[in-house]
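K.L.:
Keeping their order, the protein sequence lines are chains D and R. Numbering-wise, the UniProt record's numbering puts 168 at position 168 of the first sequence, and it's gapless, one number per residue. Numbering-wise, the UniProt record's numbering puts 172 at position 172 of the second sequence, and it's gapless, one number per residue.
Heads up, a few of these hints could be off.
Pairs of lysine to aspartate or glutamate residues, derived as EDC-like cross-links and limited to a Cα-Cα distance of at most 16 Å, are as follows [said to hold, decoys possible]:
#1 R/K331 - D/E90
#2 R/K331 - D/D214
#3 R/K57 - D/D93
#4 R/K290 - D/D214
A short list of chain D residues far from chain R (calculated; beta carbon distances all over 12 Å) [to be verified]:
#5 R53
#6 S122
#7 L226
Hints in this document: simulated from the structure, not taken from any laboratory. Note that beta-carbon positions come from the ideal geometry of N, C-alpha and C, so glycine has one too.
Residues per chain, in single letters:
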Amino acid sequence: MTLESLRVAPGPVADKPAARRPADEVALIHDRLRAQGYISSEAIATALFVSQRLEKPMLVEGPPGVGKTELAKATAAVTGKALIRLQCYEGLDEAKALYEWKYSKQLLYTQVLKDKLADVLSGAEGLKASLARLHEFDDTFFSEEFLEPRPLLKALRHPGGAVLLIDEIDKSDDEFEAFLLELLSDYQISIPELGTVAAVVKPIVFLTSNNTRDLSDALKRRCLHLHIPFPDQALERAIIRSRVPEAEERLQIQLVTFVQNLRQLDLKKVPAISETIDWARTLVLLHARELDRTLVETTLNVLLKFQDDIQRVNEGLTDLLSKATSATR
Amino acid sequence: MTQVLGDFIKALREADVRISPSEVIDAEAVLGLVGYDDRALLANGLSQALAKSSEDKAAFWDTFDQFFAFAAFDQPPPAGAAGDEGEQQETAQGQDGPEEGEEGESEEAGVSGMASSGGSGQGAGKATGQSDSQGDKADGGGQAPAAEAEPASLGEQLAALLEKGDAAQLALRLAEAAQQAGLSDIRFFTQRGMYQWRILQLMGSEELGRLVEQGEGAADPAVAARARRLRGLRTKLHEEVRDYVERQMELFAGNEGRRLREDVLARQRIGQLDRSDMKVMQGLVRKMAKRLVSLHSRRRVKARRGQLDARRTIRANIEFEGVPFYTIWKKTKVDRPRVMLICDVSGSVAQVSRFLLMFLHSLHEVLPDVRSFAFSSNLGEVTELFETAPVEVAMGRTMQRYGGSTDYGHALMDFERLAMADIDRHTTVIILGDARSNYGDPRADILKQIQDRAKRVLFLNPEHRARWGSGDSEMPRYAPYCSRTITCASLRDLERVVTDLVRTAA
């Protein structure tokens, strides 16, 4: 699995006629992700293909638990690059996201400098000469040595490139969003004391958002946008088959049908793929071979996170169960 | 930029998807990457570059289907012809259903709309040759050989295409003609006829008409029969073109009429609106509310000068051995305004009240703390009603419970009893009504108390300022105790008030 297949060498794409047709490349990405246990839809594979080729960050939106973060992880695994993750939250600032100075070391340095000052200035006469001497002296106070890189800087300086995952960008503040713009459009970052740091190898950037608020147009403009919806029946089955292979075929079909029908109900929190996987694992632990009423009733809390929802589903359980079991008949 | 992409983006913008020039450049890059071969690939790729929210995505898929659908000329093309049109790719893919394949064709038709006319002429010549080889009996005349010797006239080419029923070629011709006629600039439905005529002329229909007339007059029965058949085909072509123009109009100007109507409705006095407009109005209110929410949903922080943030100051000044060169001050989150809304729901102002109530309660994300009261003579709190039930239901119940003849004095007394204690210096009190109290005691003293406690009091009156104070209007007695009195009759006025309210938070 070479890197070249997923990202071509830098330079305009148009100059170099692609060896394969785009559709084949998308299929290839799909297969590679599958090998990592990530079953992608066609839209996801296309998105990955396009964003890699255009070297643009990808903004991934969708309900919680549909595999937004997993996509970044799987991409890191496929490309063999390091995954660098930055979790966003309210109050996140550049000192935590980009860089910080190693203050204690800097303090020590000033102490040492003080002691050395006499040596440096020995022989200089008058203020002018002393200042000239000081100017000759290297200033290392603000230098790479005292720089503590945080995720964003790490991603830019990572030899061989990295996969940068900026998770839940919608949780961060406005200022942080604005601060990201330079990184997203030019893959570089300005540090006032040092100057501009450009990427060694352009990282593959994913931003995820749960849509708790609208992101700014400026941010959206710099990214390609992928919306991952809840999977359809076939895709969800493929995911369960790959993630929980120890579940029996019959059980897989039934539980996926059950969850698919569950999503049609008006619930506070609709179960996502991650919940389906958890539920499948739970059922396997209980040595279930097919769904039955008591089993579902006792394990429903894995799937649903609100008591209201559980009650609501319990009321319509007979119907949901009969739909699920009839799928295997 | 290619014409097709340009037109597509035009159609998307018409569907209210906002697209910036840089996104157009991205779309072009995507197009260069994935090409027109695979419909799904194209759609997925473009959707990433052009549609960046879930509503935009929905609009994108609708427009994409409409734009690249091409149901015209739905006669099945002859089996042999499909192979010759360079469609092997489509059929070879196999995974596409038959429908996909056909739509793939139309895309190509759209793309080669850019192709030189020489190319299409060649294609038409080939087509004529084919129809000849198929041994069409009526095609006996010297036309086919003539077409091979020199490019046939537009009318004859069209005749040949129609007789052969070559859907792909006809679609291609139609797309070319539409582009030459500048169909994507269509704005109003009155322009349909003109565009239809222009397209038909460019396709050679006029000339075909002359040919048909000549043919029908001919002595040879075979020629006359062919002419009659051609007349039928020509009529059908006219229908196809009309439908095509109609679809394109929907695509490029579908929203124009709606926008105009919404604009007029927003300016009109709410009291004079027709019942049938209510639905549009509600949609409009929702849209305005949404815009306000997205504008103001971020919480603002205000520096509280005077309180040092010790932790962050030390951190910022560590490089100076802790000597505070830079000071960092504590910040506070700005509170959202608290709003109390008192609405007159008597017949004269009920409609305005309806929209204000609806407006404020759809701003929940920005104004989480809205309490509303409704009155005619008695006043009661309706907050929960409007928060749980749909507006229509809530409004109905409110009218039922609190409707009747108006008595401002009584209503204010009720309000004093119910909510006076909850008014503090963060509260904005909004009163909506015409202040016509049927000559009862207006109790302006209560309003004074309210003003003393509240941050501000806004009085919205749907009547024109000139009528304030006439007859039983108590407006002059209330006005001194209001921070502002505003004439508020149309949706625009309402929007202005609400925007102001949201902007001047705490």
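K.L.:
State for each hint whether it applies.
P.N.:
How the hints compare with the structure:
{"no.": "1", "hint": "R/K331 - D/E90", "in the structure": "holds, 14 Å"}
{"no.": "2", "hint": "R/K331 - D/D214", "in the structure": "violated, 24 Å"}
{"no.": "3", "hint": "R/K57 - D/D93", "in the structure": "violated, 32 Å"}
{"no.": "4", "hint": "R/K290 - D/D214", "in the structure": "holds, 11 Å"}
{"no.": "5", "hint": "R53", "in the structure": "violated, 5 Å"}
{"no.": "6", "hint": "S122", "in the structure": "holds, 24 Å"}
{"no.": "7", "hint": "L226", "in the structure": "violated, 6 Å"}
Hints 2, 3, 5, 7 from the earlier list are contradicted by this structure; the remaining hints agree with it.
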